[in-house]
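A.B. asks: Chains as they are written, first to last, in this note's numbering: chain B, 1 to 108; chain V, 109 to 225.
Worth flagging that the hints you see were computed from the coordinates, not collected in a lab.
Treat each hint with caution, since some may be false.
List time: in silico SDA-like cross-link candidates among lysine to any residue, alpha-carbon distance up to 25 Å [to be verified]: (1) V:LYS152 to B:GLU39; (2) B:LYS42 to V:ALA110; (3) B:LYS37 to V:ARG117; (4) B:LYS42 to B:VAL20; (5) V:LYS123 to V:SER135; (6) B:LYS42 to V:THR223; (7) V:LYS119 to V:ASN212; (8) V:LYS170 to B:ASN3; (9) V:LYS186 to V:ASN160; (10) V:LYS152 to B:TYR32; (11) B:LYS58 to V:ASN212; (12) V:LYS152 to B:PRO82; (13) B:LYS37 to V:LYS170; (14) V:LYS119 to B:GLU39; (15) B:LYS37 to V:TYR118; (16) V:LYS170 to V:GLY136; (17) B:LYS22 to V:LEU147; (18) B:LYS100 to V:ASP182; (19) B:LYS100 to V:TYR118; (20) V:LYS152 to B:GLN60; (21) B:LYS42 to V:TYR118; (22) B:LYS42 to V:LYS119; (23) B:LYS37 to V:ALA110; (24) B:LYS37 to V:ALA196; (25) B:LYS68 to V:LYS170; (26) B:LYS100 to B:THR65; (27) B:LYS100 to V:ILE146; (28) B:LYS100 to V:VAL163; (29) B:LYS42 to V:GLU213; (30) B:LYS68 to V:LYS152; (31) B:LYS22 to V:LYS152; (32) V:LYS152 to B:HIS72; (33) B:LYS68 to V:GLY205; (34) B:LYS37 to V:ASN160.
Computed from a predicted structure; not experimentally measured.
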Amino acid sequence: GENVEQHPSTLSVQEGDSAVIKCTYSDSASNYFPWYKQELGKRPQLIIDIRSNVGEKKDQRIAVTLNKTAKHFSLHITETQPEDSAVYFCAAGYALNFGKGTSLLVTP
Amino acid sequence: EAGVAQSPRYKIIEKRQSVAFWCNPISGHATLYWYQQILGQGPKLLIQFQNNGVVDDSQLPKDRFSAERLKGVDSTLKIQPAKLEDSAVYLCASSPGTSGGAYNEQFFGPGTRLTVL
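Please model the complete structure; the sequences and the hints are all you need to start from.
C.D. replies: Structure below.
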């Protein structure tokens, strides 16, 4: 089955800086890679996703890149704001296999 | 459009008791998922339904967990008997996708927080 590794587990940045979270996956057949944001006590919310037919996707301050050859994908958040503070999960596959999460803290 | 509904939101039980969770997916969504999220971890898929059939239940502890999705709409997840390590948030999600490679966004419900004492 699919195995998803996510790094780092915690990330602290200053407001306005960029944040990068990286994930690797094991199943070369996987072709759907979403990223979820989960605030404390709330449900995961999709923030961006990418399918294997593209290498990069951007939505305002958030971008995701995918390298299918290396089987890794990354989330990039630019101009971070305190409200970006949350746990971020990557996932891969049709029946999503989630990474362990990255706790992002953006300090003013 | 209404989101995924789950009940109850919170449940506290003693170990060895039974518990059931209910999920109502977004109308028209063919696929329904149950996840277990232990504190500090990512959601772990327990079971995936396609309409009223099981697509994947490889990570469901079948000696104590069971799930059904009668009529391909609502679903219930049951634990009998519960163990301390079952304490977690149980998330239900649905997507419009069908099997055969249609990858679609999963919409999560608010979850049921289970505490086993």
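A.B. asks: Each of the hints needs a verdict: does it hold here or not?
C.D. replies: Against the structure, the hints come out as follows:
Among the hinted pairs, LYS152 of chain V with GLU39 of chain B is consistent with the structure: their alpha-carbon atoms are about 18 Å apart, no more than 25 Å. Between LYS42 of chain B and ALA110 of chain V the alpha-carbon distance is near 17 Å, which keeps this suggested pair within the 25 Å criterion. For the suggested pair LYS37 of chain B and ARG117 of chain V, the alpha carbons sit about 20 Å apart, so the restraint of at most 25 Å is met. As the CA atoms of LYS42 of chain B and VAL20 of chain B are separated by approximately 23 Å, the hinted pair is consistent with the 25 Å bound.
Of the pairs offered as hints, the one joining LYS123 of chain V and SER135 of chain V is violated, with about 35 Å between alpha carbons and a cut-off of 25 Å exceeded. Of the supplied pair hints, the one linking LYS42 of chain B and THR223 of chain V holds, its CA atoms being roughly 17 Å apart against a limit of 25 Å. As the CA atoms of LYS119 of chain V and ASN212 of chain V are separated by approximately 31 Å, the hinted pair breaks the 25 Å bound. Of the pairs offered as hints, the one joining LYS170 of chain V and ASN3 of chain B holds, with about 22 Å between alpha carbons and a cut-off of 25 Å not exceeded.
At roughly 16 Å between alpha-carbon atoms, LYS186 of chain V and ASN160 of chain V fall within 25 Å of each other, so this suggested pair holds. Distance restraint check for LYS152 of chain V and TYR32 of chain B: the Cα-Cα separation of roughly 17 Å lies within the 25 Å cut-off, and the hinted pair is therefore satisfied. Of the supplied pair hints, the one linking LYS58 of chain B and ASN212 of chain V holds, its CA atoms being roughly 18 Å apart against a limit of 25 Å. The hinted pair formed by LYS152 of chain V and PRO82 of chain B fails the criterion: a straight-line CA distance of about 28 Å is larger than 25 Å.
Of the supplied pair hints, the one linking LYS37 of chain B and LYS170 of chain V is violated, its CA atoms being roughly 30 Å apart against a limit of 25 Å. About 21 Å separates the Cα atoms of LYS119 of chain V and GLU39 of chain B, which keeps this hinted pair within 25 Å; it holds. Restraint check for LYS37 of chain B and TYR118 of chain V: satisfied, since their Cα atoms lie roughly 22 Å apart, inside the 25 Å limit. The hinted pair formed by LYS170 of chain V and GLY136 of chain V fails the criterion: a straight-line CA distance of about 28 Å is larger than 25 Å.
Under the criterion of a C-alpha separation no larger than 25 Å, the hint pairing LYS22 of chain B with LEU147 of chain V is consistent with the structure, at around 21 Å. Of the supplied pair hints, the one linking LYS100 of chain B and ASP182 of chain V is violated, its CA atoms being roughly 29 Å apart against a limit of 25 Å. Restraint check for LYS100 of chain B and TYR118 of chain V: satisfied, since their Cα atoms lie roughly 23 Å apart, inside the 25 Å limit. Distance restraint check for LYS152 of chain V and GLN60 of chain B: the Cα-Cα separation of roughly 30 Å exceeds the 25 Å cut-off, and the hinted pair is therefore not satisfied.
Taking the CA atoms of LYS42 of chain B and TYR118 of chain V, the gap is about 13 Å. The hint holds against a cut of 25 Å. For the suggested pair LYS42 of chain B and LYS119 of chain V, the alpha carbons sit about 16 Å apart, so the restraint of at most 25 Å is met. Of the supplied pair hints, the one linking LYS37 of chain B and ALA110 of chain V holds, its CA atoms being roughly 20 Å apart against a limit of 25 Å. Simply put, LYS37 of chain B and ALA196 of chain V have alpha-carbon atoms about 18 Å apart, close enough for the 25 Å limit, and the pair holds.
Taking the CA atoms of LYS68 of chain B and LYS170 of chain V, the gap is near 35 Å; set against the 25 Å cutoff, the hint is violated. Between LYS100 of chain B and THR65 of chain B, the direct Cα distance comes to roughly 19 Å. Compliance with the 25 Å bound is thereby established for this hinted pair. The suggested pairing of LYS100 of chain B with ILE146 of chain V holds, with an alpha-carbon distance near 10 Å, which does not exceed 25 Å. For the hint pairing LYS100 of chain B with VAL163 of chain V, the CA-to-CA distance comes to about 24 Å; that is within 25 Å, so the pair holds.
A threshold of 25 Å between alpha carbons decides the hint, and for LYS42 of chain B with GLU213 of chain V the separation of about 18 Å falls inside it, so the pair holds. Under the criterion of a C-alpha separation no larger than 25 Å, the hint pairing LYS68 of chain B with LYS152 of chain V is consistent with the structure, at around 23 Å. A C-alpha spacing of about 19 Å is found between LYS22 of chain B and LYS152 of chain V, which places the hinted pair at or below 25 Å, so the restraint holds. Pair hint LYS152 of chain V plus HIS72 of chain B holds up; C-alpha atoms about 20 Å apart against a cutoff of 25 Å.
With a C-alpha separation of about 23 Å, the suggested pair LYS68 of chain B and GLY205 of chain V falls inside the 25 Å cut-off, and the hint holds. Taking the CA atoms of LYS37 of chain B and ASN160 of chain V, the gap is near 29 Å; set against the 25 Å cutoff, the hint is violated.
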